[in-house]
Amino acid sequence: MREIDTGLVRKAVKDLILKANVFLSPDIKNELIKKEKEEKSEIGKGLLNVINENIEVAASENCPICQDTGMCIVFLEVGQKVVFKGNYIYDEINEAIREAYEEGYFRKSVVGCPLRRENTKDNTPGIIYYNIVKGDKVNIKVMPKGFGSENCGATKMLKPADGYEGVVNFILDTVKNAGSKPCPPMIIGVGIGGTMEKSALMAKEALLLDINHKNEDPFYAEMEEELYTKINNLGIGPGGLGGTTTALGVNILAYPTHIAGLPISVNIGCHVSRHTQTEI
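Residue numbers (full-length UniProt numbering): 1 to 280.
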(Lines of atoms letter the chains of each structure in order from A and count residues from 1; the text may use other names and numbers.)
(Lines give C-alpha, C1' and ligand atoms only; values in the text may rest on other atoms or scores of the structure.)
Protein backbone atom coordinates (compact mmCIF):
# COMPACT_ATOMS: atom_id res chain seq x y z
CA MET A 1 0.00 0.00 0.00
CA ARG A 2 1.09 3.58 -0.64
CA GLU A 3 0.02 6.53 1.48
CA ILE A 4 -0.66 9.86 -0.23
CA ASP A 5 -1.55 13.01 1.66
CA THR A 6 -4.62 14.70 0.23
CA GLY A 7 -2.74 17.99 0.52
CA LEU A 8 -0.62 16.84 -2.43
CA VAL A 9 -3.80 16.36 -4.43
CA ARG A 10 -4.94 19.88 -3.51
CA LYS A 11 -1.64 21.39 -4.70
CA ALA A 12 -1.70 19.37 -7.93
CA VAL A 13 -5.28 20.36 -8.76
CA LYS A 14 -4.56 24.03 -8.06
CA ASP A 15 -1.49 24.01 -10.32
CA LEU A 16 -3.42 22.25 -13.08
CA ILE A 17 -6.24 24.81 -12.99
CA LEU A 18 -3.80 27.73 -13.14
CA LYS A 19 -2.08 26.10 -16.12
CA ALA A 20 -5.19 24.97 -18.02
CA ASN A 21 -6.88 28.38 -17.99
CA VAL A 22 -3.82 30.15 -19.42
CA PHE A 23 -1.85 27.72 -21.59
CA LEU A 24 -3.61 25.79 -24.36
CA SER A 25 -2.57 22.16 -24.83
CA PRO A 26 -0.05 21.69 -27.70
CA ASP A 27 -2.29 19.40 -29.79
CA ILE A 28 -5.04 22.03 -30.07
CA LYS A 29 -2.61 24.92 -30.42
CA ASN A 30 -0.74 23.24 -33.28
CA GLU A 31 -3.96 22.26 -35.04
CA LEU A 32 -5.24 25.84 -34.93
CA ILE A 33 -2.00 27.09 -36.50
CA LYS A 34 -2.32 24.42 -39.19
CA LYS A 35 -5.96 25.29 -39.86
CA GLU A 36 -5.16 28.98 -40.27
CA LYS A 37 -2.92 28.04 -43.20
CA GLU A 38 -5.49 25.64 -44.70
CA GLU A 39 -8.70 27.65 -44.23
CA LYS A 40 -10.19 28.63 -47.60
CA SER A 41 -12.40 31.49 -46.38
CA GLU A 42 -10.59 34.81 -45.99
CA ILE A 43 -12.89 35.77 -43.12
CA GLY A 44 -12.30 32.39 -41.48
CA LYS A 45 -8.55 32.69 -41.99
CA GLY A 46 -8.58 36.13 -40.40
CA LEU A 47 -10.55 34.90 -37.42
CA LEU A 48 -8.17 31.97 -36.92
CA ASN A 49 -5.31 34.46 -36.97
CA VAL A 50 -7.00 36.42 -34.16
CA ILE A 51 -7.61 33.19 -32.22
CA ASN A 52 -3.94 32.20 -32.52
CA GLU A 53 -2.80 35.67 -31.50
CA ASN A 54 -5.07 35.50 -28.44
CA ILE A 55 -3.50 32.17 -27.42
CA GLU A 56 0.00 33.68 -27.63
CA VAL A 57 -0.97 36.82 -25.70
CA ALA A 58 -2.63 34.77 -22.94
CA ALA A 59 0.53 32.71 -22.47
CA SER A 60 2.94 35.66 -22.60
CA GLU A 61 0.83 37.86 -20.30
CA ASN A 62 -0.20 34.98 -18.00
CA CYS A 63 -3.89 35.78 -18.34
CA PRO A 64 -6.90 33.58 -19.13
CA ILE A 65 -7.33 32.35 -22.71
CA CYS A 66 -11.07 33.04 -22.39
CA GLN A 67 -13.17 35.22 -20.10
CA ASP A 68 -15.32 32.16 -19.30
CA THR A 69 -12.89 30.29 -17.09
CA GLY A 70 -15.44 27.55 -16.67
CA MET A 71 -16.80 25.20 -14.08
CA CYS A 72 -14.02 22.90 -12.89
CA ILE A 73 -14.31 19.20 -13.67
CA VAL A 74 -11.77 16.95 -11.96
CA PHE A 75 -11.19 13.33 -12.94
CA LEU A 76 -9.33 11.15 -10.43
CA GLU A 77 -7.96 7.73 -11.37
CA VAL A 78 -6.86 6.22 -8.07
CA GLY A 79 -4.74 3.09 -7.87
CA GLN A 80 -6.34 0.49 -5.60
CA LYS A 81 -3.08 0.28 -3.61
CA VAL A 82 -3.35 3.96 -2.63
CA VAL A 83 -4.48 5.01 0.84
CA PHE A 84 -5.32 8.68 1.32
CA LYS A 85 -4.42 10.41 4.57
CA GLY A 86 -5.23 13.92 5.71
CA ASN A 87 -8.34 15.97 5.07
CA TYR A 88 -11.35 14.73 3.09
CA ILE A 89 -10.23 14.65 -0.53
CA TYR A 90 -13.33 16.40 -1.92
CA ASP A 91 -12.77 19.28 0.51
CA GLU A 92 -9.15 19.53 -0.61
CA ILE A 93 -10.12 19.60 -4.29
CA ASN A 94 -12.68 22.33 -3.73
CA GLU A 95 -10.13 24.31 -1.74
CA ALA A 96 -7.75 23.97 -4.70
CA ILE A 97 -10.43 25.40 -6.99
CA ARG A 98 -11.10 28.24 -4.55
CA GLU A 99 -7.40 29.14 -4.29
CA ALA A 100 -6.69 28.86 -8.02
CA TYR A 101 -9.59 31.07 -9.07
CA GLU A 102 -8.61 33.71 -6.55
CA GLU A 103 -4.90 33.61 -7.34
CA GLY A 104 -5.39 33.48 -11.11
CA TYR A 105 -7.99 36.29 -11.14
CA PHE A 106 -10.33 33.89 -12.94
CA ARG A 107 -14.01 34.71 -13.27
CA LYS A 108 -16.22 33.03 -10.68
CA SER A 109 -19.00 31.41 -12.69
CA VAL A 110 -20.73 28.95 -10.35
CA VAL A 111 -24.14 29.47 -8.75
CA GLY A 112 -25.06 27.52 -5.64
CA CYS A 113 -28.63 26.73 -6.66
CA PRO A 114 -29.57 26.23 -10.31
CA LEU A 115 -32.91 28.02 -9.81
CA ARG A 116 -32.15 30.73 -7.24
CA ARG A 117 -28.89 31.61 -9.07
CA GLU A 118 -26.78 33.04 -6.22
CA ASN A 119 -23.10 33.09 -7.18
CA THR A 120 -20.89 31.12 -4.75
CA LYS A 121 -18.18 33.75 -5.37
CA ASP A 122 -15.31 31.23 -5.35
CA ASN A 123 -16.20 28.94 -8.31
CA THR A 124 -16.92 26.00 -6.03
CA PRO A 125 -18.09 23.33 -5.93
CA GLY A 126 -16.35 21.53 -8.75
CA ILE A 127 -17.55 18.37 -10.47
CA ILE A 128 -15.48 15.41 -9.28
CA TYR A 129 -15.31 11.96 -10.88
CA TYR A 130 -13.51 9.16 -9.07
CA ASN A 131 -12.40 5.88 -10.65
CA ILE A 132 -10.47 2.98 -9.10
CA VAL A 133 -7.70 1.55 -11.28
CA LYS A 134 -4.79 -0.86 -10.83
CA GLY A 135 -1.54 0.27 -9.24
CA ASP A 136 -0.37 2.76 -6.62
CA LYS A 137 -0.54 6.05 -8.51
CA VAL A 138 -3.12 8.84 -8.71
CA ASN A 139 -3.77 10.36 -12.12
CA ILE A 140 -5.48 13.75 -12.02
CA LYS A 141 -7.12 15.41 -15.01
CA VAL A 142 -8.61 18.89 -14.81
CA MET A 143 -11.03 20.42 -17.30
CA PRO A 144 -12.32 23.98 -16.77
CA LYS A 145 -15.43 23.80 -18.99
CA GLY A 146 -17.09 26.93 -20.31
CA PHE A 147 -20.81 26.82 -20.86
CA GLY A 148 -21.01 28.32 -24.33
CA SER A 149 -19.94 24.89 -25.53
CA GLU A 150 -21.42 22.88 -22.64
CA ASN A 151 -24.90 24.20 -23.38
CA CYS A 152 -24.68 22.74 -26.90
CA GLY A 153 -24.27 19.13 -25.78
CA ALA A 154 -27.06 16.60 -26.20
CA THR A 155 -28.08 13.08 -25.19
CA LYS A 156 -30.63 10.82 -26.83
CA MET A 157 -31.82 7.28 -26.24
CA LEU A 158 -31.98 5.96 -29.78
CA LYS A 159 -33.64 2.70 -30.71
CA PRO A 160 -31.32 -0.16 -31.73
CA ALA A 161 -32.98 -0.06 -35.16
CA ASP A 162 -31.71 3.51 -35.64
CA GLY A 163 -28.25 1.99 -35.97
CA TYR A 164 -25.17 3.59 -37.47
CA GLU A 165 -27.08 6.07 -39.61
CA GLY A 166 -29.17 7.24 -36.66
CA VAL A 167 -26.05 7.87 -34.59
CA VAL A 168 -24.30 9.82 -37.36
CA ASN A 169 -27.40 11.92 -38.05
CA PHE A 170 -27.85 12.74 -34.36
CA ILE A 171 -24.24 13.92 -34.08
CA LEU A 172 -24.50 16.05 -37.23
CA ASP A 173 -27.83 17.54 -36.10
CA THR A 174 -26.30 18.41 -32.71
CA VAL A 175 -23.42 20.25 -34.39
CA LYS A 176 -25.78 22.04 -36.82
CA ASN A 177 -27.99 23.18 -33.96
CA ALA A 178 -24.93 24.42 -32.07
CA GLY A 179 -23.86 26.65 -34.97
CA SER A 180 -21.73 29.53 -33.73
CA LYS A 181 -22.66 29.17 -30.04
CA PRO A 182 -19.74 26.90 -28.95
CA CYS A 183 -17.15 29.27 -30.49
CA PRO A 184 -16.00 27.11 -33.41
CA PRO A 185 -13.78 25.57 -34.57
CA MET A 186 -14.96 22.98 -32.09
CA ILE A 187 -13.92 19.60 -30.77
CA ILE A 188 -16.57 16.90 -30.78
CA GLY A 189 -16.67 14.32 -27.98
CA VAL A 190 -18.99 11.37 -28.56
CA GLY A 191 -20.14 8.64 -26.17
CA ILE A 192 -21.98 5.63 -27.59
CA GLY A 193 -23.49 2.82 -25.50
CA GLY A 194 -23.69 2.02 -21.81
CA THR A 195 -26.62 3.78 -20.15
CA MET A 196 -27.87 7.35 -20.49
CA GLU A 197 -25.43 8.76 -17.92
CA LYS A 198 -22.55 6.53 -19.08
CA SER A 199 -22.80 7.82 -22.64
CA ALA A 200 -22.82 11.43 -21.37
CA LEU A 201 -19.73 10.84 -19.24
CA MET A 202 -17.90 9.16 -22.13
CA ALA A 203 -18.68 12.12 -24.38
CA LYS A 204 -17.09 14.43 -21.80
CA GLU A 205 -14.09 12.12 -21.33
CA ALA A 206 -13.59 11.99 -25.11
CA LEU A 207 -12.72 15.70 -24.96
CA LEU A 208 -9.73 14.81 -22.75
CA LEU A 209 -8.15 12.80 -25.57
CA ASP A 210 -5.55 14.27 -27.91
CA ILE A 211 -7.46 15.62 -30.90
CA ASN A 212 -5.23 13.53 -33.17
CA HIS A 213 -6.08 10.37 -31.24
CA LYS A 214 -7.51 7.58 -33.38
CA ASN A 215 -9.86 4.99 -31.93
CA GLU A 216 -8.19 1.60 -31.49
CA ASP A 217 -11.20 -0.07 -33.11
CA PRO A 218 -10.94 0.47 -36.90
CA PHE A 219 -14.75 0.62 -37.10
CA TYR A 220 -14.90 3.66 -34.82
CA ALA A 221 -11.73 5.16 -36.29
CA GLU A 222 -13.45 5.23 -39.69
CA MET A 223 -16.56 6.69 -38.08
CA GLU A 224 -14.46 9.49 -36.55
CA GLU A 225 -13.00 10.28 -39.98
CA GLU A 226 -16.43 10.26 -41.62
CA LEU A 227 -17.86 12.60 -39.00
CA TYR A 228 -14.84 14.91 -39.15
CA THR A 229 -15.27 15.30 -42.91
CA LYS A 230 -19.04 15.76 -42.78
CA ILE A 231 -18.87 18.29 -39.94
CA ASN A 232 -16.25 20.38 -41.75
CA ASN A 233 -18.42 20.27 -44.86
CA LEU A 234 -21.28 21.94 -42.95
CA GLY A 235 -19.70 25.33 -43.64
CA ILE A 236 -20.21 26.72 -40.12
CA GLY A 237 -16.57 27.80 -40.06
CA PRO A 238 -14.52 29.76 -37.51
CA GLY A 239 -16.77 31.80 -35.26
CA GLY A 240 -19.77 30.59 -37.23
CA LEU A 241 -18.90 33.04 -40.03
CA GLY A 242 -18.49 30.38 -42.69
CA GLY A 243 -15.50 28.42 -43.89
CA THR A 244 -13.90 25.01 -44.13
CA THR A 245 -12.81 24.71 -40.49
CA THR A 246 -15.71 23.78 -38.24
CA ALA A 247 -14.16 20.91 -36.24
CA LEU A 248 -10.59 20.39 -35.07
CA GLY A 249 -11.24 16.78 -34.12
CA VAL A 250 -13.82 14.10 -33.40
CA ASN A 251 -13.21 11.53 -30.66
CA ILE A 252 -15.52 8.60 -29.94
CA LEU A 253 -15.69 6.40 -26.85
CA ALA A 254 -17.97 3.35 -26.88
CA TYR A 255 -19.16 0.87 -24.25
CA PRO A 256 -21.37 -2.27 -24.25
CA THR A 257 -25.07 -1.57 -23.85
CA HIS A 258 -28.43 -3.29 -23.30
CA ILE A 259 -30.14 -5.22 -26.11
CA ALA A 260 -33.01 -2.70 -26.04
CA GLY A 261 -30.98 0.51 -26.13
CA LEU A 262 -28.61 2.71 -28.12
CA PRO A 263 -27.61 5.66 -25.91
CA ILE A 264 -25.75 8.45 -27.68
CA SER A 265 -24.27 11.66 -26.27
CA VAL A 266 -22.36 14.55 -27.77
CA ASN A 267 -20.24 16.97 -25.74
CA ILE A 268 -18.76 19.91 -27.61
CA GLY A 269 -15.55 21.70 -26.73
CA CYS A 270 -14.74 25.19 -27.99
CA HIS A 271 -11.53 26.12 -29.83
CA VAL A 272 -9.81 26.58 -26.45
CA SER A 273 -11.02 23.30 -24.99
CA ARG A 274 -8.93 23.34 -21.81
CA HIS A 275 -7.58 20.33 -19.99
CA THR A 276 -4.35 19.18 -18.42
CA GLN A 277 -3.19 16.32 -16.22
CA THR A 278 -0.52 15.05 -13.85
CA GLU A 279 0.31 11.94 -11.84
CA ILE A 280 1.20 11.54 -8.18
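Check the hints yourself; a few may be wrong.
[Stated by the list, open to error] Listed next, the in silico DSSO-like pairs over lysine-lysine satisfying Cα-Cα at most 27 Å (straight line):
1) Lys214 <-> Lys198
2) Lys37 <-> Lys181
3) Lys230 <-> Lys141
4) Lys81 <-> Lys141
5) Lys156 <-> Lys37
6) Lys19 <-> Lys176
[As the list claims (entries may be wrong)] What follows is a list of derived Cβ distance ranges for each label pair:
7) Asp210 <-> Gly86: 47 to 53 Å
8) Thr195 <-> Glu53: 41 to 47 Å
9) Phe23 <-> Gly179: 38 to 44 Å
10) Lys137 <-> Glu42: 45 to 51 Å
11) Asn169 <-> Ile43: 25 to 31 Å
12) Leu8 <-> Cys113: 42 to 48 Å
13) Asn131 <-> Met1: 44 to 50 Å
14) Pro114 <-> Ile33: 35 to 41 Å
15) Lys121 <-> Val83: 32 to 38 Å
16) Asp122 <-> Asn169: 22 to 28 Å
17) Arg107 <-> Tyr255: 23 to 29 Å
In case anyone wonders, no lab produced these hints; they're calculated from the structure. We put the beta carbon where it would ideally sit given N, CA and C, even for glycine.
How the hints compare with the structure:
no., hint, result
1, Lys214 <-> Lys198, "holds (21 Å)"
2, Lys37 <-> Lys181, "holds (24 Å)"
3, Lys230 <-> Lys141, "violated (30 Å)"
4, Lys81 <-> Lys141, "holds (19 Å)"
5, Lys156 <-> Lys37, "violated (36 Å)"
6, Lys19 <-> Lys176, "violated (32 Å)"
7, Asp210 <-> Gly86: 47 to 53 Å, "violated (33 Å)"
8, Thr195 <-> Glu53: 41 to 47 Å, "holds (43 Å)"
9, Phe23 <-> Gly179: 38 to 44 Å, "violated (28 Å)"
10, Lys137 <-> Glu42: 45 to 51 Å, "holds (49 Å)"
11, Asn169 <-> Ile43: 25 to 31 Å, "holds (29 Å)"
12, Leu8 <-> Cys113: 42 to 48 Å, "violated (32 Å)"
13, Asn131 <-> Met1: 44 to 50 Å, "violated (19 Å)"
14, Pro114 <-> Ile33: 35 to 41 Å, "holds (38 Å)"
15, Lys121 <-> Val83: 32 to 38 Å, "holds (34 Å)"
16, Asp122 <-> Asn169: 22 to 28 Å, "violated (42 Å)"
17, Arg107 <-> Tyr255: 23 to 29 Å, "violated (35 Å)"
Hint compliance for this structure: hints 3, 5, 6, 7, 9, 12, 13, 16, 17 are not met, and every other hint is.
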